[in-house]
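Visitor: Residue numbers (the working numbering), protein chains in the order written: chain A, 671 to 836; chain B, 136 to 241.
These aren't lab readings, by the way, just hints derived from the structure by calculation.
What you are looking at is a predicted structure, and each value in this text was computed from that prediction instead of being measured.
Do not take every clue at face value.
[What the hints assert, rightly or not] For lysine-lysine, the following DSS-like pairs were computed, each having C-alpha atoms within a straight-line distance of at most 25 Å:
| hint | chain 1 | residue 1 | chain 2 | residue 2 |
| --- | --- | --- | --- | --- |
| 1 | B | Lys-235 | A | Lys-757 |
| 2 | A | Lys-752 | A | Lys-693 |
| 3 | A | Lys-752 | B | Lys-235 |
| 4 | B | Lys-240 | A | Lys-752 |
| 5 | B | Lys-235 | A | Lys-693 |
| 6 | A | Lys-757 | A | Lys-693 |
| 7 | A | Lys-757 | B | Lys-240 |
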Amino acid sequence: MSPVFYILAAITIAGGVAAVTLKHLVHCALALTVAFAGLALLFLDLDAQFAGFAQILVYIGAVVILIVFAILLTHGAELPRKGVFSKSWPVGFVIAAAVFAVLGWAVLESVRAMPPQAAVPAVTVRDIGNALVSRYVLPLEIVGLLLTAATIGAVIVAMHEKERAK
Amino acid sequence: MMATTPLGGYLLVAALLFAIGLAGALLRRNAILVLIGIELMLNAANLNLVAFWRYGPHPEALTGMMFAIFSIAVAAAEAAVGLGLVISIYRHSNTAELDKISRMKG
């Protein structure tokens, strides 16, 4: 294992843990940004340049901004009085730990069957673009339609009641 | 140049990130934190897809990469709709705390 991978994995996991445990919601959003950036760097480490930059553009550029807007619009910046974790937190913690145990066991059991090393694939952004408009053109159109519908739906759902009644 | 990290390392990181996201979605009171947990789980799945693409027998076919890119786009749509729902719920019940939203409780 390369030290770069260890550093990136540590950044990603630390960001994820901070994002779900910190008290202030704004701090959670900032920690989430760190986790997303770590994931983008892991994608780059995997020689998936396009996925890495798409991750930065979509998640850090758009999703985190949306989350910060939602936090401020719902007055989430104020500290909750009763604590941040729900009443049934031991059950949820046990479920999450059990899921990780099962996944980790499955990965460790099958590690011998995995390919140990792989040559760097000679894939350029041009190849990805060609594939997107030839073989994957129908999924691309459907994703475009989905994004349009989701944007309109989000606006309608969050629209003010009185304005909708007009 | 060959990759020096084995596939299992990436899969373990993705599994840990998925468990963290699940814990966040299950443990937190605030609806926005639940959405953050879901985003972390989706990202862990993306990491798996890209890792399998990288170590698969035919990376030049781009299948896993395309799956990850479309997954990112669908996750963005999901985030927009989810946060719109949270804001709408906040307008109705004046709170984003999931414990207090009990209108549909039987």
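Visitor: Now tell me, hint by hint, if it's right for this structure.
Guide: Going through the hints against the structure:
1. B:Lys-235 to A:Lys-757: Judged against 25 Å, a Cα distance of about 12 Å means the pair holds.
2. A:Lys-752 to A:Lys-693: Holds - the C-alpha atoms of Lys-693 of chain A and Lys-752 of chain A are around 11 Å apart, at most 25 Å.
3. A:Lys-752 to B:Lys-235: holds, 12 Å
4. B:Lys-240 to A:Lys-752: Given that 25 Å is the threshold and the Cα spacing comes to 21 Å, the pair holds.
5. B:Lys-235 to A:Lys-693: Holds - the C-alpha atoms of Lys-693 of chain A and Lys-235 of chain B are around 18 Å apart, at most 25 Å.
6. A:Lys-757 to A:Lys-693: Holds, because 16 Å separates the two Cα atoms, which is no more than 25 Å.
7. A:Lys-757 to B:Lys-240: holds, 17 Å
Of the hints listed earlier, there is not a single one the structure fails to meet.
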